[in-house]
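Could you slot chains B, C and D onto chain A? The hints should help.
There are 4 protein chains.
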Amino acid sequence: MLNKKFIAVIGSGEATAQEIKLAEAVGKEIARRGAVLVCGGLGGVMEAACRGAASENGITVGILPGDSRKAANPYVQIPIVTGLSHARNVIVVKSAQVVIAVGGSYGTLSEIGHALQNGIPVVGLQTWSLSKDNKPDSGIITVDKIQDAVEIAFSLIDNSK
Amino acid sequence: MLNKKFIAVIGSGEATAQEIKLAEAVGKEIARRGAVLVCGGLGGVMEAACRGAASENGITVGILPGDSRKAANPYVQIPIVTGLSHARNVIVVKSAQVVIAVGGSYGTLSEIGHALQNGIPVVGLQTWSLSKDNKPDSGIITVDKIQDAVEIAFSLIDNSK
Amino acid sequence: MLNKKFIAVIGSGEATAQEIKLAEAVGKEIARRGAVLVCGGLGGVMEAACRGAASENGITVGILPGDSRKAANPYVQIPIVTGLSHARNVIVVKSAQVVIAVGGSYGTLSEIGHALQNGIPVVGLQTWSLSKDNKPDSGIITVDKIQDAVEIAFSLIDNSK
Amino acid sequence: MLNKKFIAVIGSGEATAQEIKLAEAVGKEIARRGAVLVCGGLGGVMEAACRGAASENGITVGILPGDSRKAANPYVQIPIVTGLSHARNVIVVKSAQVVIAVGGSYGTLSEIGHALQNGIPVVGLQTWSLSKDNKPDSGIITVDKIQDAVEIAFSLIDNSK
Chain A
0 MLNKKFIAVI
10 GSGEATAQEI
20 KLAEAVGKEI
30 ARRGAVLVCG
40 GLGGVMEAAC
50 RGAASENGIT
60 VGILPGDSRK
70 AANPYVQIPI
80 VTGLSHARNV
90 IVVKSAQVVI
100 AVGGSYGTLS
110 EIGHALQNGI
120 PVVGLQTWSL
130 SKDNKPDSGI
140 ITVDKIQDAV
150 EIAFSLIDNS
160 K
Chain B
0 MLNKKFIAVI
10 GSGEATAQEI
20 KLAEAVGKEI
30 ARRGAVLVCG
40 GLGGVMEAAC
50 RGAASENGIT
60 VGILPGDSRK
70 AANPYVQIPI
80 VTGLSHARNV
90 IVVKSAQVVI
100 AVGGSYGTLS
110 EIGHALQNGI
120 PVVGLQTWSL
130 SKDNKPDSGI
140 ITVDKIQDAV
150 EIAFSLIDNS
160 K
Chain C
0 MLNKKFIAVI
10 GSGEATAQEI
20 KLAEAVGKEI
30 ARRGAVLVCG
40 GLGGVMEAAC
50 RGAASENGIT
60 VGILPGDSRK
70 AANPYVQIPI
80 VTGLSHARNV
90 IVVKSAQVVI
100 AVGGSYGTLS
110 EIGHALQNGI
120 PVVGLQTWSL
130 SKDNKPDSGI
140 ITVDKIQDAV
150 EIAFSLIDNS
160 K
Chain D
0 MLNKKFIAVI
10 GSGEATAQEI
20 KLAEAVGKEI
30 ARRGAVLVCG
40 GLGGVMEAAC
50 RGAASENGIT
60 VGILPGDSRK
70 AANPYVQIPI
80 VTGLSHARNV
90 IVVKSAQVVI
100 AVGGSYGTLS
110 EIGHALQNGI
120 PVVGLQTWSL
130 SKDNKPDSGI
140 ITVDKIQDAV
150 EIAFSLIDNS
160 K
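Residue numbers (numbering that gives the first Met the number 0), protein chains in the order written: chain A, 0 to 160; chain B, 0 to 160; chain C, 0 to 160; chain D, 0 to 160.
You may find that some hints are simply not true.
Heads up, incomplete: computed chain D residues facing chain A, CB under 7 Å, no partners named [as the list claims (entries may be wrong)]:
| id | residue |
| --- | --- |
| 1 | Thr15 |
| 2 | Val89 |
| 3 | Tyr105 |
| 4 | Gly106 |
| 5 | Leu108 |
| 6 | Ser109 |
| 7 | Gln116 |
| 8 | Gly118 |
| 9 | Pro120 |
| 10 | Gln125 |
| 11 | Ser130 |
| 12 | Lys131 |
| 13 | Asp132 |
Computed beta-carbon distance windows for the label pairs [said to hold, decoys possible]:
| id | chain 1 | residue 1 | chain 2 | residue 2 | range |
| --- | --- | --- | --- | --- | --- |
| 14 | B | Ser154 | A | Pro135 | 55 to 61 Å |
| 15 | A | Lys144 | D | Ser67 | 46 to 52 Å |
| 16 | B | Ser154 | A | Thr15 | 29 to 35 Å |
| 17 | B | Asn2 | C | Asn133 | 38 to 44 Å |
According to the in silico footprint, chain C covers these stretches of chain D (three or more CB under 8 Å from chain C) [as the list claims (entries may be wrong)]:
| id | segment |
| --- | --- |
| 18 | 64-73 |
| 19 | 77-88 |
Since the hints were derived computationally from the structure, they do not count as laboratory data. All residues carry an ideal CB built from backbone N, CA and C; glycine is no exception.
Pulled out of the complex, with its shape left as it was, chain A reads as follows (with noise of 0.2 Å):
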């Protein structure tokens, strides 16, 4: 049964156009390629995201991190309802293969890095990028255009895990 690949988009609840923009054309994107989205299940580049995806009939997962489901966006179909604030960010990287960070202030950093040390590769579009005791650091796959970002993302999925 678990032969859908699951992609998480990770972004700001409050994006700007452009982040938005970014994020819905790369949540249609995955769901055209029939992956499931992953993503925190609030506004802004998480909203985004499941507009686009739901847009190709594509299944969206929210992991949220409150205790009620109401706090959902209208295009989350499997509401998860952790309770657990922040440490939520770990559930929505950890149940994704991949990862796609558009923009994203520090919620999204944490993320990052808990997809970074878990082993799960991150591609960014205009979001972070790091450097580490002066030394700039390949964590993070930076591409500029949404068609690459997703490309890479399904290439990166390692099926074996």
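The following block gives chains B, C and D in isolation, referenced to the frame of chain A:
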């Protein structure tokens, strides 16, 4: 989009033949009536309920305790990878609008406690019964028949939440 | 350094006068014998136990459900801020080598379930009693006197764990 | 009772000799100034910081990812057993009023993200630096000297929280 009902089936990963039979029938009936089945994603009662739901083309969600989706039973369609160990029990019940307990050991007891603490009704088949300071507690709605369990469970779902 | 014993006292945030009295005496005795008191950090039984421990200069740890240390009762010395809501119950019991339940509602029931699932002994004073499928369950060691509760609790600590 | 200050030291479990030296000195200085040291409880930077704090008779709290207190480094006095795997990172930072990062890998990055998302200041020694969409981010307060790190950390503690 949130028009689906979500029902958790909880019970032991090492279940008796009788519990397996009950759980499978419960899962089947949940799916037949169009609700999404939520469970802990592993074996025993969880697997039986998923198998039942899958036989009626139902949607099955498995909230996994470990770090790998590979631990999910073969009938889980939406594996949620938490890495939280026993704390994932909280998410199983919070993600449901009503809980059906089939048999069950101490992990199931913790889920019953979390459900009742959160005002999520619990219907029980051959499961725990509770008393406090020598007075019986009516939190768990105990039934004898599968059909009654599912009937009552659906009737207890509060769509305003 | 890990030479201290850790004992959790669990019970309701809204306790009866009798439960408060029991919890305070239990906390006092735990501290008098040199163990660290672990609890959920809030009011009712938790606060009473901490107050008792503090009166004997004991160490008190409060595992808080919310995002602010300010929610801790005034007798908590080591507030642990989880933001996990009810999932923090798991941490309260896992951080202890033995658990003493004083009264308690459904949250306490979830903690009893988590403790017994993890092989952590539970001693009960005026708390839940359990039966499954009509057979009494001996998981909770029920006692009537405070002194017995603490005596038995210390005797059950397995220092190899 | 909540008159103690709480400071987290975060960093890799597999640290360089230089990071170990820094972490030990930081832990020592934290304890010397009377604050409680919070960390992830394991080896590397965490152990070094605890060893430093212990040498000044400081209090050390280790928020452990696994199910056993035995995994704590020998300088942890208060082991908190979460069983939450990487989600325990959230608790390490939320339990602190300020965070000092020494070196660190992706787990540390997740902690930095969680801290900044929660408005908890982060002081960094030889750690990550961040930019977003090609603009440097000023979230992490980077310093070169141990003494400055601790001095600034104490000055940033907001006792109203």
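Against the structure, the hints come out as follows:
1. Thr15: 10 Å, violated
2. Val89: 4 Å, holds
3. Tyr105: 4 Å, holds
4. Gly106: 5 Å, holds
5. Leu108: Because about 4 Å separates Leu108(D) from the closest Cβ in chain A, which is inside the 7 Å limit, the hint holds.
6. Ser109: 3 Å, holds
7. Gln116: 4 Å, holds
8. Gly118: With a closest approach of 9 Å, the Gly118(D) hint is violated.
9. Pro120: 12 Å, violated
10. Gln125: 5 Å, holds
11. Ser130: 5 Å, holds
12. Lys131: 5 Å, holds
13. Asp132: Check passed: Cβ of Asp132(D) comes within 5 Å of chain A, closer than 7 Å.
14. Ser154(B) with Pro135(A): 55 to 61 Å: The hint (55 to 61 Å, Cβ to Cβ) holds, given that Ser154(B) and Pro135(A) are roughly 59 Å apart.
15. Lys144(A) with Ser67(D): 46 to 52 Å: 47 Å, holds
16. Ser154(B) with Thr15(A): 29 to 35 Å: 46 Å, violated
17. Asn2(B) with Asn133(C): 38 to 44 Å: 39 Å, holds
18. 64-73: holds (count 6)
19. 77-88: Holds: 7 residues of the segment 77-88 of chain D have a Cβ under 8 Å from chain C.
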